[in-house]
Each structure stands twice: as C-alpha cells, then as structure tokens.
Amino acid sequence: MISARGISKVFNHGLPNEFAALHPVSLDVSLHETTVLKGPSGSGKTTLLGLMACMARPTSGRIFLNEREITSLPERFLTEIRRSTFGFIFQQFNLIKGLSALENVMIPAYPTGEKYSILRRRALESLEMFNLGQRADARIEWLSGGEAQRVAIARALINNPAIIIADEPTSHLDSIQSREFIDIMTDLKAKGRTIILASHDPIVYDSGLADRVVEMRDGRIANEIKSS
Amino acid sequence: MILHPGILALFLSSLLISLMTIYAASCGFMILRRWDIDSGSELQLALERRTCLISSIASYLLALQLLSLFLFIQTADSISHLFVGAMCAVGTLTVNSFGYPTLLLKVLNFILAGLWLILNHADNRGYDYPLIRAKYLLLLIMAPFILTETVVQCIYFTGLKPDIITSCCGTLFSQGSRGIASEILAIPTAPMKILFYSCMAATLAAGARLFLKGKGSYIFAIMSGVTFVISIASIISFISLYFYEMPSHHCPFCILQKEYGYVGYPLYALMSLGTITGLGVGLLQPFRKKETLGMIIPAIQRKLAAVSLFSFFIYTLIASWPILFSSFNLKG
Ligand SMILES: Nc1ncnc2c1ncn2[C@@H]1O[C@H](COP(=O)(O)OP(=O)(O)OP(=O)(O)O)[C@@H](O)[C@H]1O
Ligand SMILES: [Mg+2]
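Listed in order, the protein sequences are those of chains D and F. Residue numbers for the first sequence follow the working numbering, so the first one is 1 and each next one is one higher. Residue numbers for the second sequence follow the working numbering, so the first one is 1 and each next one is one higher.
Okay, chain D solo, but in the shape it has when bound (with noise of 0.2 Å):
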C-alpha cells in the first residue's frame, strides 16, 4: 500500500512565481489494484506521480510505502527504493537520444552491477516481447511514437519494478495503440504488478483495466468514480 499522509507541493517557495500545483492531499493505494488518476491539464496529476514515484519531496506530508515512511529517506537510501520498487513511463517518454533502444532499456539496471551479457540478454527478451527486436539496434529518435512509448515501458519494467507507474501513457499514441498499451498493461496486472496511472484518456479509464479511478482538480482530489 502507497499511502500518501496531508501531501503538499509548492513549486518556488517563498518567490514570486510561487505556485502551490498539490494542496494537502491524502489518498491511499492499493497494491492489488490498478488506480488511475483522472483530471485537467494543470490539476497536479505528474506531481502526484512523482511524489508517490520518490522523485520528488513534498513541501509537507510524508508517503508510507508498506509501512516505511520515505519522503523523510535521505537521497543515498531513496535511490535504491526508486529502483528496486518504481517503473516510471514518463508522459514525455524521457528516452535518452542518440542511444539505441536497447541501451536505453538497460540504463536503468547499470547500477545494479548485473553482468552485463545478460543484461543485455534480459533486454533483448524484453524488447522482443514488446515486438521491438528487430528494432533493438535503432536510435531512439528513428523510432515511432508507439515504438517509442514501447521501448518506454520495457525500460521501466528492466529492474523487475513492483509498482508501474505510467504518466499519460497513451497521449502520444493513436486509438488502436492505445489499446494495444492497455492490454499491455493488463497482461502486467495479471502478472501481479500494481499499476498507477495518470490520465485524461477515456479509453484508459473506462478500459477494464481500471479498479479505482481518482479525479483531480485544481491540485485536490476532486471524488473518486469507480471502486472495486
């Protein structure tokens, strides 16, 4: 359970820009189930992500992943939790240019010390099962939007993450990809992996895929839709 206690966040604190994109917000998130985020451009749906993701500190509040409170983790212990426990599927796709699609995937596990043949093998495998083998070799900025948004997820399931979270994952993608992503995603839940979504794409949160759907406005948490 990710649970999230009275979070806050305000971009440029104490300057003249200062804007609070999370009021208090409290929510609570099954690992069992899939959540997602629904809401405006601008209610606070990335930060949200972020927060929970470790990526970022709240202004206030602490976050509890299965009991152990880590918005207080000083960075050296927060890294190895990121790593080990968060797939993270940026809604900008975040793939580095100018490396191939397999280097990007296996980034993430560099740190980790795995030898590196089979790594790469464990790569390889998984851009195969997102059919990509044949585009394993090819720089990111040849690849499609779809291609693009697959090599994105396997480079967030690389570390054998707990918890996926994706960001927008089908704002880049036309309807058939979307589909496509959400049956991606629902073969992942079946494999036992939590899923946290953000989005404002009807075929996401009205897909089967969905348990829980939160609904953001204006950095609060509007009402929740469906509930399992």
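Warning: the hint list may mix true and false statements.
Sample of chain D residues at the chain F side, in silico, Cβ under 10 Å [said to hold, decoys possible]:
| id | residue |
| --- | --- |
| 1 | 6 |
| 2 | 8 |
| 3 | 12 |
| 4 | 62 |
| 5 | 75 |
Because the hints were derived from the structure by calculation, they are not lab data. We put the beta carbon where it would ideally sit given N, CA and C, even for glycine.
On the provided structure of chain D, position chain F with the ligands as indicated by the hints.
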C-alpha cells in the same frame, strides 16, 4: 602580515569553515529545538533537506580543518627564516603571544572535527537521521572554538612582521626554561620511557580486546586520550633526542624538518589518527542502543579500533626505531 601561500590558504580556509559553522550552528539550533521525524510539517521537511546539505558541506570543510593543523605547522616552519633568532616553527610561533594559542585551538578543533566526522559517518549509515541531535550538539559546542581560532589566527598572522627578534627552540625546550615544557623536561627520561611504553602497551591491549571481543570501548577511548598526552610529552622528553642525536635538544618541531627526514609529520599524523579514532569508539558507544544503528555501530567501532591500533603501533615503531638502532645513547 606576510603574504605567504600557506598563510593565505589558512586564512581562507578558516574563513570558509567559520562561515559554514555559523550557518550550520544557526540551523543546528533550529534542529535541536524543532526536529521531529514523525511530523510531516513543512518545517520538518525543510530541515531534512537542509541537514543533508549542511552535512555534506561540513564534512568537506571539517576535513579541511584536519589538514589545516598540519598546514599551519608546516607554514610556521617554512617561514621561520624570516625572523631573527628562529630556527624552526617555535620561533615563528613565539613572534607574538597569539602563536601558541592558535596552535592549541587548532589541535583542539582538529580533535573535535575528527570526532564530528566519525559521528557524521555513523549518522549517514542510518536512514532515520539517528544521530542528528548529537551531531548538531557537537557542532554547536565546536562553533565557539572554531570562531575563536579564526579570530586568534587572524590576529596572529596580522602581527607577523619580518625581522622581529624571536626565541629559538633551544631556549624554550631546555631545562631551566619556564612553562609546561620545562615541567616535562624536569621528569627524568627513564621513568618517562617506562610510562610511555606501558601506556602504549595498555592502549594496544585495550584496542585488541575491543577489536577481538567488542568489549571495553570506553576504556580504549580513555586510553587513547591518555596516550595522546603522554605521546606528546614523550616526544619532548626523549623521543626527539634520539632523532636529533643530541642529549639536550628537546624541540618537538625540529623533527618536522628536512634534516630529520620530515619524520615529525608521520609521527604526529599517526598519533592524532590513533587518538581520534580511539576517542571515536567511545563517542559512538552510547548510540549502540539506537534501533537503526544497532548492527552498524559495532562494525564501525571495530574498524575505528583497527585504524587506531595500526596507527599507534606504527607510531611506536617509528618512535622506537632510533632508540633501538642508533648508536646514540642517552647515558652517553
Ligand atoms: N517544476 C515546476 N515548476 C513550477 N510549476 C510547476 C512545475 N511542475 C509543475 N508545475 C505546475 O504545477 C501544476 C500541476 O502540474 P502537473 O504536471 O502535475 O499537472 P498534470 O495534472 O500532470 O497536467 P497534464 O495533464 O497537463 O499533464 C501545473 O500548473 C504546472 O504548471
Ligand atoms: Mg502531467
């Protein structure tokens, strides 16, 4: 003031360390009063971010503080030719009455900084800032000494003018002179030797017991402190004589010079390393109870004890070398 690179470096590093100390102490004050890891308040989260920054900066600057002691001695030694009558660092230090106080403050801050680094190292191993209060308390205790050192050192340096007539170590470290040095010199060398070797043997035994059985942390820490004092006294009393091969030259600074192979540097470095790591063992002892450090502290103590043992042992070896092997004999 004399524009010497060493003096400028010392000046600058003291200033940096002082500025950092003022900032860290003001934060430390807040941390001691308001730290509450269970709270998710904005203040607490801000303090957590700030202590992370302070700890990193402080650990670098306090490492610099350690170096600055040796740089200070080295600088004093290397500019001694500018003063009439000076032969080594002693002459430079007695140019005005702020030389020795600066040195004493530097030695004190050296020990405190070393202990803080050990505390910080242990704290960094726990995920819930287990030693945060102790760390900042120590920093607050250090702050006045560090600031005083900066001021006194500044007065000392600005009062350094070439061609001032000063004293040479020969007059200060000889029987008949006044002060603490003469007290030491008044003790005959034979009992001093016995004291030194038995003290060292006891410290090494306490260290070995700690290393092997994990027992006797406080005893070892106290012994390390005692060894520090006795070692310095022994250098003045008899160890230096064997390096100089002169029956009445007791200066603890001339051994830093080239004629004696700079042997003073390893001697003092090993002695202070042994002392700080030894004291560190005792400093960490009360925190064994901390939940997140329960397994970690004994391991750190063991490492510290090993470093301390090694340092004291090599120190004794170097100090005893000429006593055992040189043709020079005190009894003549
Ligand atoms: N680093 C930042 N500095 C300043 N403001 C920021 C920063 N990051 C986000 N914001 C602001 O915080 C608000 C919430 O942003 P966030 O990215 O969480 O929204 P979102 O719900 O993900 O929107 P979208 O659906 O467009 O992705 C926005 O108004 C945004 O401009
Ligand atoms: Mg977003």
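Violated hints, by number in ascending order, as checked against the structure: Violated hint (a single one): 3; every other hint is consistent with the structure.
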